[in-house]
Amino acid sequence: MTGPRTTGYARDVAVVAFAQSDHLRRTDELSEVEMVMPVLHEVLAATGLKAGEIGFTCSGSSDYLAGRAFSFTMTLDGVGAWPPISESHVEMDGAWALYEAWVKIQTGDADTALVYAYGKSSPGSVRDVLTRQLDPYYLAPLWPDSVALAALQAQALIDAGETDEPGLAAIAARSRADAGANPHAQLRGAVPHGDYQVRPLRTGDCPPVGDGVAAVVLAAGDLARQLCRRPAWITGIDHRIEAHGLGLRDLTDSPSTRTAAEHAGLFDAPVDTAELHAPFSSQEVVLRTALRLGDGVTINPSGGALAANPMMAAGLIRIGEAAARIHRGASDRAVAHATSGPCLQQNLVAVLEGDRA
Amino acid sequence: MSTSVTSATSGSPGATGKEPVAVVGIGQTKHVAARHDVSIAGLVREAATRALADAELTWADIDAVVIGKAPDFFEGVMMPELYLADALGAVGKPMLRVHTAGSVGGSTALVAAGLVAARVHRTVLTLAFEKQSESNAMWGLSLPVPFQQPLLAGAGGFFAPHVRAYMRRTGAPDGVGSLVAYKDRRNALKNPYAHLHEHDITLEKVQASPMLWDPIRYSETCPSSDGACAMVLTDRAGAARSPLPPAWVHGGAMRSEPTLFAGKDFVSPQAGKDCAADVYRQAGITDPRREIDAVEMYVPFSWYEPMWLENLGFAEEGGGWKLTEAGVTEIDGDLPVNPSGGVLSTNPIGASGMIRFAEAALQVRGGAGEHQVPGARRALGHAYGGGAQFFAMWLVGAQEPTT
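So the sequence lines, in the order shown, correspond to chains A and B.
For the first sequence, my numbering gives the first residue as 1, with consecutive numbering after it.
For the second sequence, my numbering gives the first residue as 1, with consecutive numbering after it.
Isolated chain A (complex conformation) (with noise of 0.2 Å):
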């Protein structure tokens, strides 16, 4: 057995479990640590590890979705931290949370991580809600909401000639196809494209609003090989943030997803599998361009964010899938990649790799 390319990271990092929540569009009956807590369970079980066990804990969530400060204060009692547990949390996507649990691991500091993320947006608005991180002073009080700034991308990039309608379709027709074979999806097979939301953008163009959870267990080496038959190695991982301002972007390139690729070592060989965090279809297109995905390339065979994007635990899921992948022996060499803030302005890559039989 061969191990993964030599990462020049002090310490080879895997993925060795990932679980998630059904995604729905609404969970009323559910607190967020009720959501949460099976989740932890069903990804601890897969390891054999308990809480105490678990070297650092680390979460992402917002507090706007929650609809009240300090949100993440009652997740953490699903965690059930006593004994008191090494533990931080980012007010970002979860997968930003891994990327601290894994720098956490390469300090030595920490054999073993347990990365959690949630989002309900069911209470509210989420488009509105949305408009809430943009500049407050010059952008936010017009409350642009998300649906329309990612119509603006997608008009740029039809502008430009990178795609049309009927190209954004057949994103929105393979994603939505490909949910068909995922349990935990929102939206699941064949859906229709739907009316314009804005234009260019119709209802299968744009992401379900719905809720959800996703956790990851991360381990360092050869315990990352006892706890799991075929670890997803993450051999390089990077994230980038762009200017705020869309005016002083091009909207149909995304050199943030490109430089975290590049620091990632994704252009050093090929890989078979994408899972990327596109809540639009339109997004897609950017991110295939930037991260130079042939055709050969198998993207987001999970359905994607257009079947089920939990806001704060996309992302993780993204990473969460494309190492499911490998332990499945679906993949040995995959992408993951996760976004924040309007029209990706803030992108993170990881590339992860299974060992060679």
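If a hint is listed, it holds; no wrong ones were tucked in.
Below, a list of computed lysine to aspartate or glutamate pairs in the EDC-like style, where the Cα atoms sit at most 20 Å apart:
(1) Lys273/B with Glu53/A
(2) Lys205/B with Asp174/B
(3) Lys264/B with Asp77/A
Just so you know, the hints here were simulated from the structure itself, not pulled from any lab data.
Following the hints, position chain B against chain A.
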């Protein structure tokens, strides 16, 4: 199996050898009740440029930015790191946003230090801020009925019963809290960046101030501030180029426990004890009372000084108030606590933890000016948050760590 895997797992945690981390730049804003003259972006940039100037570095020298703040509701901006990327020179770079309640300023610094220690990045800018005048922190923290008791408005209402429990448990006399507030407000007069500069402060004025949440008086509570704090962290090579003496990180840790559960000790939480023990172990400290020269402790309500003195191992259980009463924690005492004036004098909530960490670093660099503790070689920075459930601490020293 690749050789890198073998080497990575050949020993216990830490066997890989961490890069030493140095603080080479510190910048703060003058903390005030309302900075009407700057935007949020202007506020954070002011602290960041001061930290860069202190390190004699430019934006181009920074590899990554780690930013922290307390709840987004305090300013009404969701994920403000997105909007602040430009102001902090982060465009094209990695930017990470940490949020661990009131301890966030400390946690943010530790996450940034981890990037250097892991050799993922060489030089990292870390910053924490709060611009509380943009909104109303009282209501930002007051959770919607029916999900909690309606009388818990504000943090003081939550913490006052635990102070009362401390007094009952230890027999501490009523006046100890006033002594802490009087000390910290006098110390703040020596710190040009402190928010409250009460030139006419007397112990009698503290004692005569209105009772807010019995036993916590108005003058024993922290103010609500606009402010930011930034630090430049770098590796050994970066420290060698530093124009001023660096502060070296000798140990750092975070610990968390649940908010509410049977058996939780709100007076002296286990997570705080465990966090301090981990930091002391890393730094080789066996007798914190004798081996640490200055402490920047997160004391938002005066009584938390004696409480944390016990929790952090500076006094035996029940003995914290005796140290305070004896003047040990005065700036010219045997164990100066909050020579900067502390949270009681300056509280931009999300930045408060990082200010503790930065002030500890200033002390061991010998750069604290009028509030310098003479000859400080090792200092502790401490932060806590949530329902006294999140803890972040670091111990910094004037010498590069030997282990």
